[in-house]
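Protein chains in written order, with my numbering: chain A, 891 to 1004; chain B, 1430 to 1546.
By construction, these hints were calculated from the structure, which means they are not laboratory data.
Hints should not be assumed to be uniformly reliable.
As the list claims (entries may be wrong) - Which residues of chain A face chain B? A few of them, derived with a C-beta cut under 10 Å, are:
hint, residue
1, V904
2, S940
3, L993
4, F994
Claimed, not checked - No farther apart than 20 Å at their CA atoms in a straight line, the calculated lysine-lysine pairs in the PhoX-like style are these:
hint, chain 1, residue 1, chain 2, residue 2
5, A, K909, A, K1000
6, A, K943, A, K931
7, A, K931, B, K1533
8, A, K943, B, K1533
9, A, K1000, A, K899
Computed from a predicted structure; not experimentally measured.
Think of the CB as a built atom: it goes at the ideal place given N, C-alpha and C, for glycine as much as any other residue.
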Amino acid sequence: DPKIIQKPKYLVAVTGSEKILICEQYLGHNAMYWYRQSAKKPLEFMFSYSYQKLMDNQTASSRFQPQSSKKNHLDLQITALKPDDSATYFCASSRPQISNERLFFGHGTKLSVL
Amino acid sequence: GDSVTQTEGPVTVSESESLIINCTYSATSIAYPNLFWYVRYPGEGLQLLLKVITAGQKGSSRGFEATYNKETTSFHLQKASVQESDSAVYYCALGDPWNNAGAKLTFGGGTRLTVRP
Chain A
891 DPKIIQKPKY LVAVTGSEKI LICEQYLGHN AMYWYRQSAK KPLEFMFSYS YQKLMDNQTA
951 SSRFQPQSSK KNHLDLQITA LKPDDSATYF CASSRPQISN ERLFFGHGTK LSVL
Chain B
1430 GDSVTQTEGP VTVSESESLI INCTYSATSI AYPNLFWYVR YPGEGLQLLL KVITAGQKGS
1490 SRGFEATYNK ETTSFHLQKA SVQESDSAVY YCALGDPWNN AGAKLTFGGG TRLTVRP
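Please take these sequences and the hints and turn them into a complete structure.
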């Protein structure tokens, strides 16, 4: 059974709209992350959260807003969507928020912006 | 910034053949980065294969090995005899050991491996 659940698996949106990507983890981890993989690009770090607090943000645009309503949830709200936002978004988690800790990833949400 | 370059796929080998997937890194702000290999098997999420956090050390898992070479800034993944079940996408990654904001990794582009029966 997947321990990190991402919903939906696929998402199609129109330019200018807003979407929320859902992530729940059932591993009891304190740290959660968002990574993104665009076509032909490596997986890239976006955000890290620990105990529901933002620790690091490498996303230049404020259109991307993580939301943590519960310790094991880290959703990603994306506003004013652009075609360049098309990518697969991966949620991940780890135990303590230390640098060499093993990351556990969800299966991803593939977002297509038309 | 930091970067990771790995063998561009796809790579196809026959079962029982040896395999090497090259990985080199550039860590401009990190003297001794942590190094990782992650793997995504078909239908599964990305998962850790092995990690090495000390230069000169070797990591191993599931028959795969990788040695952290500080001199050549490399972390090549090797296996002496691959199996069909090794077919997957492999990602090399580095992390900053002094980053206390968590596992912020820089990934390579991934190498898709197909093992022919």
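For the pair supplied as a hint, K931 (chain A) and K1533 (chain B), is the alpha-carbon distance within the 20 Å limit?
holds, 17 Å
Can the restraint linking K943 (chain A) and K1533 (chain B) be considered satisfied, given a maximum Cα separation of 20 Å?
holds, 15 Å
Double-check S940 (chain A) for me: the hint is only fine if its C-beta lies closer than 10 Å to a C-beta in chain B.
With a minimum Cβ separation of about 6 Å from chain B (threshold 10 Å), the hint on S940 (chain A) holds.
Taking only the CA atoms, is the gap from K943 (chain A) to K931 (chain A) under or equal to 20 Å?
violated, 28 Å
Tell me if L993 (chain A) is really an interface residue toward chain B, meaning its C-beta lies closer than 10 Å to one of theirs.
With Cβ-Cβ at 5 Å, under 10 Å, it holds.
Agreement of hint F994 (chain A) with chain B interface, Cβ distance less than 10 Å
Where the cut-off is 10 Å and the nearest Cβ of chain B is about 7 Å from F994 (chain A), the hint holds.
Is the straight-line distance between the alpha-carbon of K1000 (chain A) and that of K899 (chain A) 20 Å or less?
holds, 6 Å
Was the hint right that V904 (chain A) lines chain B, CB cutoff 10 Å?
violated, 28 Å
Regarding the pair K909 (chain A) and K1000 (chain A), is the alpha-carbon distance no greater than 20 Å?
holds, 12 Å
Hints 1 and 6 from the list above are not met by this structure, while the remaining hints are.
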